[in-house]
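Chains A and B are the protein sequences, given in the same order.
Residues in the first sequence are numbered from 60 upward in steps of one, following this note's numbering.
Residues in the second sequence are numbered from -16 upward in steps of one, following this note's numbering.
Bear in mind the hints are in silico, worked out from the structure with no lab data behind them.
These numbers were taken from a predicted model, which means no experiment stands behind them.
Yeah, the Cβ is synthetic: ideal placement off N, Cα and C, and Gly gets one too.
Listed below are several chain B residues computed to face chain A (Cβ distance under 8 Å; list not exhaustive): (1) ARG103; (2) GLN231; (3) TRP342; (4) LYS344.
Simulated restraints on C-beta separations: (5) B:ASP299 x A:SER153: 43 to 49 Å; (6) B:GLU367 x A:TRP145: 58 to 64 Å; (7) A:ALA69 x B:TRP203: 35 to 41 Å; (8) B:GLY206 x A:ALA68: 30 to 36 Å; (9) A:ASP322 x B:VAL300: 53 to 59 Å; (10) B:ARG235 x A:GLY168: 49 to 55 Å; (11) A:ASN91 x B:VAL337: 36 to 42 Å; (12) A:TRP230 x B:PRO180: 21 to 27 Å.
Some residues of chain A that are not near chain B, with every Cβ distance over 10 Å (derived): (13) LEU149; (14) GLY189; (15) GLN217; (16) GLY240; (17) GLU264; (18) VAL319; (19) ALA323.
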Amino acid sequence: MSTLEIVSAAHLDELTDEAITIIREVATECENPVLLFSGGKDSAVLLHLAALAFAPARLPFPVMHVDTGHNFAEVIEYRDRLVADWNVRLVVASVQESIDKGRGVEDAGTRASRNRLQSVTLLDAIAEHGFDAAFGGGRRDEDKARAKERILSFRDRQGRWDPRAQRPEPWALLNPRIRKGEHLRAFPLSNWTELDIWQYIARHEVPLPTIYFSHTRTVVERDGMLLAVGGPVVLEAGEQPFAEVVRYRTVGDASCTGAVRSDASTLDHILAETAAARITERGATRADDTFSESAMEDRKREGYF
Amino acid sequence: MNESMVPTRPADAAPTRPADAAPTRPALRIATAGSVDDGKSTLIGRLLHDTTTVFEDQLQAVVKASRRYGDGETNLALLTDGLRAEREQGITIDVAHRYFATPARSFIVADTPGHAQYTRNMVTGASTSDVAIVLVDARYGVVDQTRRHSLIATMLGVEAIIVAVNKMDLVEWDEGVYLNISKEVHSFVDSLPHPVPVHSIPMSALLGDNVVDGSAHTPWYDGVPLLTFLESFEPTDDTLPGARLHVQRVIRPQGGEHADFRGYAGVVAAGTLTVGEPIKVLPSGRSSKVAALHRWGKPVQEAHPGHAIVVELADDVDVARGDVLVAGDAVQPPEVAEDIVADVCWMIDQPLLVGTRHWFKHGTRTGYATVTAIEHRYDLVSLEHQPTDELVLNDIGRVHLRLSEPIVADVYRHHAEGGRLILIDAATNTTAGAAMISAIAAWSPEI
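Use the sequences and the hints to build the structure in full.
Structure below.
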């Protein structure tokens, strides 16, 4: 039996139709939407769905990468290949530029992360380009603050999310009306789980960066997390790098995204591993979300993805 | 994982459902309802935990948080109460969506708030649900929120209500207590304008009795545990004969190999749409035929409810966003209307008054809706119709609306997709009301 058959094709069909419908609705009602693309699997699925939504016409909006400068080389190579293959317009918003302009101050120390700074860069880019809606690959199963978020998430003129004042979303009737300077975040994958994402990738043969598949990498173990050595991660006293067979479950800022030990080198193998996983992808791979119980809620209030 | 921190029944209560289960049907959508402290979030936490949907790091976080908030045992409600304010106050403020799967099927759960002041969120949670689980605290019996939530759930069209008589451990598993509550809810739901089947279950969400596994404490109960009921529940196929599709967008590549392509994107709202079938464009009334159908960028021969498709028509007729394509053989065709009567749930502080004007969105049509009359407000507990000249936050009442644009409407009870609209506050753009059409006034196009 193919692993694709272990979960419901009918359920994945429903999720696919729902996501396409949301993308079409927002793209049609809003004047200047953008799709946030990190190079991760969720944004790869989102971009794939967006392409299907308007076929045979071209994607009617650009794609934006918020570039922390702490990238995996494989991800940037993948991004550029995809943009060329699909003929989409790419906007790059650079965290380094935000720092250079004095818009944000970088954390100090060996554990400095640019994750929080992304919010500043993102909001500046949204204002600069006049985007009124930004599609994101966020899923409600990722985090309990996300579980409370609407499919269309309203942001005020400062880009803030107020969880106490969310618009009710009865039925599937989306309300994308905003005033000038405000914007929406649209989450077409709200009802998807990590396993649904992998099912979709397998069914539609969505290309992914190679780091999602098992490979050998030099890593260092810090707070139970395997961080790649050679990029932005600075070794601390006493830390010993070693070679390990790993893959990534999420793709984010290389300074705080951990690899997991895995020999899953095919989609079938990854699907089986995901179905049996006992730790959430954020818990397994994101140092930034284990800081506190409300880490995600706090970042979201400030304008995070 | 510190499994011992989670209160559970001894011995036979070990989780049995593997995470790599194999559901084969569409997901069942469930809303939970009930009063504050009835244990809704605990029940969902229990369902997630006992179906082994909870990941180890999530459980660890809950174990830690329970200690910090001074809860004696691990508080499974913290799995769903995702906002800081909710955890601090120990209440659910906003709808949380949760996902789990068993070998039988996938489930999408909307965990809705119990406070009367968050009724609008209950409406939101129930609007897309197949069934509602109404929790009742066995110690206090049926309360106003039980009646209010049962009424709202049936108004919005859930197909069954499950009465979870919870905290049975606190009433010594007394069968008489359970039977009284069960009887009272049954007779209340039977008295509603739109009664649905009621199924009651005695349980302890805290201890896990009759949630996923059965219970040794209720030998007098011959029904199944909650999860077994949910796994076997079959929503009826409410497909109307005669497809309809609200046009979202006109797809025109304008160049390249598809230069002449002109397609209409939308979701099939009912029935089956087939290539070659005659269709009518409403409100204009022009006729054509389905020349081709595409789903997910590929040609298909037919499309079913829920499918996100693109339709090509045989003739060059005028079709724009907001128009509705209706299959020529529709037995109960929708009506074109500018004047409608609807039950409105009001969701903002500013009251709804006669003469006020709001944006409306129906399908893919947007325009202004002017309130021309308010018939009454429902007393959500006694079911009485109270005369009123306004609807305030969380009121539900019957309202007459005049629309600036004609819509292609159905009565909500006949066809929900064609019978629902939202009202949007013109000043703030926030979603202000959810409306279900109860009557449609005859309309004739201006000549």
